[in-house]
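If you're matching them up, the sequences are chains B and X in order. Taking my numbering, I'd label the letters of the first sequence as residues 2 to 110. Taking my numbering, I'd label the letters of the second sequence as residues 6 to 263.
What the hints contain is simulated information worked out from the structure, not anything from laboratory work. One thing to keep in mind: the hints can contain errors.
[To be verified] Once the Cα atoms are required to be at most 30 Å apart in a straight line, the calculated DSS-like pairs of lysine-lysine come out as: (1) Lys-51/B / Lys-25/B; (2) Lys-69/X / Lys-103/B; (3) Lys-69/X / Lys-51/B; (4) Lys-69/X / Lys-25/B; (5) Lys-69/X / Lys-34/X; (6) Lys-103/B / Lys-25/B; (7) Lys-189/X / Lys-34/X; (8) Lys-51/B / Lys-103/B.
As a plain string of letters, each chain reads:
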Amino acid sequence: MNEQPTIRLAVPQGVLAGEVIEIKVMIQHPMESGYRRGTLGERIPRNIIKFFRCSQEGETIFEAEFHPGVAANPLLTFHMLAERSGILDFEWTDQTGLRWSKQAELSVT
Amino acid sequence: MRLLTLAGLWLASVGVAAQGNEGSVISPKEQPVSGYRFLTPETRALQDDAFANPGYLWVAAGAKAYQTSHGSGSCVSCHGERGMVGVASRYPRFDEEAQTLLNLEGRINACRTKHQELSALAYESEELLALSSYVAEQSRGLRTQVNVSAEAAPWLEAGEAYFFQRRGQLNLACHQCHDQSWGKMLRGDRLSQGQPNAFPAYRLEWQSLGSLHRRLQNCETGVRAEPQALGSRAYLELELYLVWRSQGLALESPGVRR
Numbered sequence: 002m003n004e005q006p007t008i009r010l011a012v013p014q015g016v017l018a019g020e021v022i023e024i025k026v027m028i029q030h031p032m033e034s035g036y037r038r039g040t041l042g043e044r045i046p047r048n049i050i051k052f053f054r055c056s057q058e059g060e061t062i063f064e065a066e067f068h069p070g071v072a073a074n075p076l077l078t079f080h081m082l083a084e085r086s087g088i089l090d091f092e093w094t095d096q097t098g099l100r101w102s103k104q105a106e107l108s109v110t
Numbered sequence: 006m007r008l009l010t011l012a013g014l015w016l017a018s019v020g021v022a023a024q025g026n027e028g029s030v031i032s033p034k035e036q037p038v039s040g041y042r043f044l045t046p047e048t049r050a051l052q053d054d055a056f057a058n059p060g061y062l063w064v065a066a067g068a069k070a071y072q073t074s075h076g077s078g079s080c081v082s083c084h085g086e087r088g089m090v091g092v093a094s095r096y097p098r099f100d101e102e103a104q105t106l107l108n109l110e111g112r113i114n115a116c117r118t119k120h121q122e123l124s125a126l127a128y129e130s131e132e133l134l135a136l137s138s139y140v141a142e143q144s145r146g147l148r149t150q151v152n153v154s155a156e157a158a159p160w161l162e163a164g165e166a167y168f169f170q171r172r173g174q175l176n177l178a179c180h181q182c183h184d185q186s187w188g189k190m191l192r193g194d195r196l197s198q199g200q201p202n203a204f205p206a207y208r209l210e211w212q213s214l215g216s217l218h219r220r221l222q223n224c225e226t227g228v229r230a231e232p233q234a235l236g237s238r239a240y241l242e243l244e245l246y247l248v249w250r251s252q253g254l255a256l257e258s259p260g261v262r263r
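So that you can see chain B by itself, here it is in the shape it has in the complex (with noise of 0.2 Å):
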């Protein structure tokens, strides 16, 4: 599971300054809840995200956590005021600390 998963971003173009964004993450994840049982009545294992952080050059622009209820595949969406221009880092991480993170551009005129 170390390979990087599929991750799709959604970050809107030609921002202008002052204005509120929406953005869209998915990130492609089984989270498996650790409390179904298989066919043979094996326990499945847990194995989940527990957090997401957007970040803009070190600066927290929205963070979460993530609980065995959520669904596979999660999907956020999130608002931010567009300031100023500069890179949008995404990063998962998930139960035993392996990260995945992806990048953005943000250009705001």
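Take the given structure of chain B and dock chain X to it, following the hints.
Same frame as chain B, but now just chain X:
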């Protein structure tokens, strides 16, 4: 699976558009209705939103795999960018060379072994799902048109027989729910026509994308029958019948189903 509780089926008396005159149901072959019409507005919205639709995770992975060179070339080196438009809508089809019916998954694997000198991908593996959904997505909105003449005819006939054959402990044929009773309630769900046009589709129950054959296995488990193997001859025949029966419907892959 909720399909197990068939008491609901016999008790159901609520009819919708399916019910024409008393006791007669419009044939799905004459008037195919996509499973989309049986979804809640929320699930429809999920399918329609090209970002929120989780099936596009597999499409994106498929686009990557399509570009990946394996020494013997990548898919794109022969087929070009978006060279798969209108392909998925013609499958399954009879392959002269292999002398067998191939569905989209089978075609991809045939291409891998014959032209790319690669091994065939396991049915329902993530990579095959990614490639098949990527190819199918390019036919999104196109109407299916399968050739059922000549060599494909016996396959269609066998598929039809399978559809009408009662099976499992519940002794039910596909036909009884999806031809005779579509539109009625089966406990909390409305019975669809069992159309295949959304597959490979993201099922909320699976929390994953899956092939039509996986869905067929679920149906059979639902009537407590022994499911056939993924990619088996029986399912290929049934797939051809289902696609022929759905002709006129637009492909929706990656669809979202409950």
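Structure-based check of all given hints:
1. Using a Cα cut-off of 30 Å, the hinted pair Lys-51/B and Lys-25/B holds, with the two alpha carbons roughly 18 Å apart.
2. Between Lys-69/X and Lys-103/B the alpha-carbon distance is near 16 Å, which keeps this suggested pair within the 30 Å criterion.
3. A hinted pair counts as satisfied when its Cα atoms are at most 30 Å apart, and Lys-69/X with Lys-51/B qualifies at roughly 27 Å.
4. Of the supplied pair hints, the one linking Lys-69/X and Lys-25/B holds, its CA atoms being roughly 21 Å apart against a limit of 30 Å.
5. The hinted pair formed by Lys-69/X and Lys-34/X fails the criterion: a straight-line CA distance of about 37 Å is larger than 30 Å.
6. Note on Lys-103/B and Lys-25/B: the hinted pairing holds, with a Cα-Cα distance of about 13 Å set against a maximum of 30 Å.
7. For the given pair, Lys-189/X sits about 18 Å from Lys-34/X by alpha-carbon distance, which is consistent with the 30 Å threshold.
8. With a C-alpha separation of about 17 Å, the suggested pair Lys-51/B and Lys-103/B falls inside the 30 Å cut-off, and the hint holds.
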